[in-house]
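Chemist: Here are the chains, one letter per residue:
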Amino acid sequence: MSDSSLVSGEALSLVRAYKLRNVRRAALIGIAFLLLAALVVIDVTTGPANLSIWRTIEVIFDRSLATPKEDVIIWQLRMPVAIMAIAVGAMLGVAGAEMQTILNNPLADPFTLGLSSAAGFGAALAIVLGWSVIPGVGGLFVSVNAFVFAMLTSCALFLFTRLRGVSPEAMILVGIAMLFTFNALLAFLQYGASEIQLAQLIFWQLGSLARATWPKVGVCFVILALILPWFMYRSWALTALRMGEDKAAALGVNVGLLRISVLAGVSLLSAVAVSFVGAIAFVGLVGPHIARMIVGEDQRGFLPLSALCGALILSGTSIASKAITPGIVYPIGMITSLIGIPFFILLILSQRKRHWQ
Amino acid sequence: MSFFKRVGALTCALVAGTLLTTQSTTAHAEALTFTDIAGREVTLPEMPDKIILGEGRMMYGIAPLIEGNPFKKIVGWKSDLVQYDPDAFRKYQGAFPEETARMIDFGNPYAGDFSIEAVLEADTDLVLLDVGNLFKAEETGLVEKLGNAGVQVAFIDFRRNATENAVPSMLILGRIFGEEKRAAEFIDFYIAQMRKVTNIVDTIPAEDRPLVVVENAAGWQDDFCCWSFGPYNYGRFVELAGGKNYASTLANAYSVDLSLEGIIEADPDVVFGTGANWKEARPEVTSTLLGYEGDPEVNAERLAALAARPGFADLRAVKDGRFHSIYHQFYNSPYHFIAIQVLAKWLHPDDFEDLDPEATFQELHDRFLPYETSGQFWITLNR
Chain W
141 MSDSSLVSGE
151 ALSLVRAYKL
161 RNVRRAALIG
171 IAFLLLAALV
181 VIDVTTGPAN
191 LSIWRTIEVI
201 FDRSLATPKE
211 DVIIWQLRMP
221 VAIMAIAVGA
231 MLGVAGAEMQ
241 TILNNPLADP
251 FTLGLSSAAG
261 FGAALAIVLG
271 WSVIPGVGGL
281 FVSVNAFVFA
291 MLTSCALFLF
301 TRLRGVSPEA
311 MILVGIAMLF
321 TFNALLAFLQ
331 YGASEIQLAQ
341 LIFWQLGSLA
351 RATWPKVGVC
361 FVILALILPW
371 FMYRSWALTA
381 LRMGEDKAAA
391 LGVNVGLLRI
401 SVLAGVSLLS
411 AVAVSFVGAI
421 AFVGLVGPHI
431 ARMIVGEDQR
441 GFLPLSALCG
451 ALILSGTSIA
461 SKAITPGIVY
471 PIGMITSLIG
481 IPFFILLILS
491 QRKRHWQ
Chain A
5 MSFFKRVGAL
15 TCALVAGTLL
25 TTQSTTAHAE
35 ALTFTDIAGR
45 EVTLPEMPDK
55 IILGEGRMMY
65 GIAPLIEGNP
75 FKKIVGWKSD
85 LVQYDPDAFR
95 KYQGAFPEET
105 ARMIDFGNPY
115 AGDFSIEAVL
125 EADTDLVLLD
135 VGNLFKAEET
145 GLVEKLGNAG
155 VQVAFIDFRR
165 NATENAVPSM
175 LILGRIFGEE
185 KRAAEFIDFY
195 IAQMRKVTNI
205 VDTIPAEDRP
215 LVVVENAAGW
225 QDDFCCWSFG
235 PYNYGRFVEL
245 AGGKNYASTL
255 ANAYSVDLSL
265 EGIIEADPDV
275 VFGTGANWKE
285 ARPEVTSTLL
295 GYEGDPEVNA
305 ERLAALAARP
315 GFADLRAVKD
325 GRFHSIYHQF
335 YNSPYHFIAI
345 QVLAKWLHPD
355 DFEDLDPEAT
365 FQELHDRFLP
375 YETSGQFWIT
385 LNR
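From first to last, the protein sequence lines are chains W and A.
Remember, the working numbering sits 140 above the position in the first sequence when you count from 1.
Remember, the working numbering sits 4 above the position in the second sequence when you count from 1.
The hints are simulated quantities; they were obtained by calculation from the structure and are not laboratory data.
Where hints are given, some of them may not hold.
As the list claims (entries may be wrong) - Covered by chain A, per the in silico footprint, the following chain W stretches (three or more residues, Cβ under 8 Å):
| no. | stretch |
| --- | --- |
| 1 | 226-232 |
| 2 | 377-386 |
| 3 | 407-417 |
Unchecked claim - No farther apart than 25 Å at their CA atoms in a straight line, the calculated lysine to any residue pairs in the SDA-like style are these:
| no. | chain 1 | residue 1 | chain 2 | residue 2 |
| --- | --- | --- | --- | --- |
| 4 | W | Lys209 | A | Asp271 |
| 5 | A | Lys323 | W | Leu205 |
| 6 | W | Lys209 | A | Asp227 |
| 7 | W | Lys209 | A | Arg313 |
| 8 | A | Lys283 | A | Asp91 |
| 9 | W | Lys209 | A | Arg320 |
| 10 | W | Lys387 | W | Leu397 |
| 11 | W | Lys209 | A | Leu215 |
| 12 | A | Lys140 | W | Glu335 |
| 13 | W | Lys159 | W | Leu397 |
| 14 | A | Lys323 | W | Asn190 |
| 15 | A | Lys140 | W | Lys159 |
| 16 | W | Lys209 | A | Asp273 |
| 17 | A | Lys140 | W | Gln330 |
| 18 | A | Lys283 | W | Glu335 |
| 19 | A | Lys248 | W | Leu346 |
| 20 | W | Lys209 | A | Lys283 |
| 21 | A | Lys140 | W | Leu325 |
| 22 | A | Lys283 | W | Glu150 |
Ideal Cβ placement from N, Cα and C applies to all residues, glycine included.
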């Protein structure tokens with residue numbers, strides 16, 4: 141009798157602890173969400189044009205109130221950029237998080253695995269040689285080339301995983317080999333580029349939200365809406381994978397299939413993001429680490445928070461890039477790294493426990 | 005800026021100095037010594053017969069100096085003229101078909117495809133390079149390697165500090181080709197045409213100078229606006245023509261990426277972009293196709309499309325009909341006085357009522373160039 145009450149007491153406290161963790165996780169995600177909303181408001185209300193916050197919000201909620209100038213500035217210039225920052229940040233955050241998970245490596249992200257370099261090379265082919273991989277796509281061919289090359293690279297990675305006895309470590313090494321190969325090819329094209337092409341290429345490579353448009357924002361959200369719920373659905377299996385391949389297999393997870401299917405989703409996310417805004421380093425690598433430091437490995441918290449952290453980083457960068465010199469567009473790729481890395485190092489130093497187990 | 009001015013002035017002085025001191029000696033011995041735009045002393049054992057152009061567009065500077073065949077001493081070039089100004093290339097081709105056909109394309113001097121062996125194979129005496137690439141040329145070891153092989157290198161400049169370096173560059177070219185007299189004639193013409201603008205602009209007070217946004221290669225990319233120039237090149241041309249260059253107020257850089265929102269807020273008085281016939285090398289461009297084969301109807305349509313881009317359509321400059329486009333290649337040629345005259349008329353129509361850039365352009369061709377003028381080189385939005 142006393143035994144069973146003890147058990148039920150223990151179970152009760154376990155349940156309570158579990159519920160508390162759930163509540164805490166939900167609260168953290170909620171806070172991140174609110175923070176992101178605040179950043180978006182700041183992003184939309186800042187810019188070289190001096191529009192007041194209230195006026196901006198008014199125009200956002202009722203577009204018919206806007207003067208032609210306000211309509212252009214808010215609806216065609218600022219809003220697509222602000223929302224693209226969230227979408228791309230989330231895409232890169234999720235892509236990095238799941239790459240780190242399936243490859244069991246803290247250094248994995250679309251950038252370090254060469255997907256960004258591949259995309260950069262595809263774009264350079266378009267910019268320097270005017271060569272379109274898929275004919276007849278018109279003015280979009282820089283983005284299309286970038287997308288095709290990023291997808292081809294992840295297919296190569298994907299095929300590599302099918303080889304017998306290939307470990308996640310070997311995949312990382314192949315990714316790094318890709319990175320250097322495409323960087324070398326890219327340098328080759330850069331070397332022969334004219335000054336206008338070079339300016340375009342460098343601008344593309346450093347990443348920019350300046351070319352955001354509503355249709356591109358739409359595409360990003362469609363991809364996110366397709367892949368994120370599916371990753372969430374697989375979250376228990378992914379969490380199990382982080383405990384070790386053998387344990388996950390013992391729990392009934394088809395590890396090979398999971399790895400390949402997640403890689404496919406991650407490839408699509410990062411290829412689309414990179415092809416629209418250029419190669420943005422840091423976000424996909426660091427966003428998930430920040431999320432992990434805050435909520436730990438459980439995918440139910442880790443995945444949404446990685447997306448939110450990515451979005452927060454890019455949204456903050458978008459604001460910073462406008463603040464440096466109003467009127468000049470700075471490539472955000474360099475700002476993410478410059479501003480983000482000191483913050484990231486500070487976070488690592490302040491953590492007492494190892495954040496990557 | 006003042007540093008560059010000083011360097012420019014110094015180079016002028018150096019060139020003039022070397023010209024005076026070497027004039028008497030070169031008359032007898034064929035040796036040739038001069039100081040190039042990079043400030044390097046270049047010594048050639050004899051007058052060069054075989055010259056390679058680091059940029060095909062250097063022909064803009066060479067053609068006016070030589071009566072008759074300007075290709076006589078040139079063995080090869082980079083294909084930029086063929087690719088990015090095919091109209092001008094076809095003008096040269098029309099006048100000297102055999103010469104243009106025999107020109108070797110040496111590729112980009114700063115890239116792997118530029119073969120130093122091929123340069124030696126062609127028995128080259130001198131390679132002319134653009135000073136904007138001085139760092140690249142030194143970094144890649146090009147200057148050193150060519151020097152070791154006994155091929156001299158000289159730097160000229162019509163782009164980076166175009167207005168400061170055009171005259172010394174023409175003097176250098178005059179020396180290299182043994183055409184000092186023609187060079188002096190061209191420089192006379194150049195200075196006279198520049199003075200027509202600067203003499204009047206000097207009297208225009210700062211507050212009467214309109215704010216100008218320059219869009220470098222407008223329509224080169226259809227999804228991004230706007231590359232611009234800081235206080236260099238077209239940015240400098242704007243200042244010389246009596247305007248205030250918007251990008252120069254933000255950054256002291258050769259190239260500046262402007263945000264469209266910033267432009268809308270700045271509310272410029274005049275907006276103009278540069279355009280050239282890039283369509284052959286890059287079919288997707290939406291730029292105006294200005295040049296010797298420029299078709300006014302096509303360009304009017306293309307300019308209207310550029311003006312209708314979101315954000316541009318509501319600009320005051322567009323509504324007031326002060327939205328223009330001008331031939332991009334003036335930015336890399338000693339003919340930039342034409343651009344400055346056109347800009348002066350756009351910026352101060354009343355002060356420059358009597359100025360006639362068309363006539364200046366015509367005179368340039370009549371007196372100095374081996375072909376007739378044609379096509380269209382600037383255009384204003386028709387409202």
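Chemist: For each hint, tell me whether it holds in the structure or not.
Modeler: Hint check:
no., hint, verdict
1, 226-232, "violated (count 0)"
2, 377-386, "violated (count 0)"
3, 407-417, "violated (count 0)"
4, Lys209/W to Asp271/A, "11 Å, holds"
5, Lys323/A to Leu205/W, "22 Å, holds"
6, Lys209/W to Asp227/A, "20 Å, holds"
7, Lys209/W to Arg313/A, "13 Å, holds"
8, Lys283/A to Asp91/A, "11 Å, holds"
9, Lys209/W to Arg320/A, "11 Å, holds"
10, Lys387/W to Leu397/W, "16 Å, holds"
11, Lys209/W to Leu215/A, "19 Å, holds"
12, Lys140/A to Glu335/W, "12 Å, holds"
13, Lys159/W to Leu397/W, "32 Å, violated"
14, Lys323/A to Asn190/W, "22 Å, holds"
15, Lys140/A to Lys159/W, "63 Å, violated"
16, Lys209/W to Asp273/A, "16 Å, holds"
17, Lys140/A to Gln330/W, "13 Å, holds"
18, Lys283/A to Glu335/W, "17 Å, holds"
19, Lys248/A to Leu346/W, "30 Å, violated"
20, Lys209/W to Lys283/A, "32 Å, violated"
21, Lys140/A to Leu325/W, "19 Å, holds"
22, Lys283/A to Glu150/W, "77 Å, violated"
Hint check: violations occur at hints 1, 2, 3, 13, 15, 19, 20, 22; the rest are consistent with the structure.
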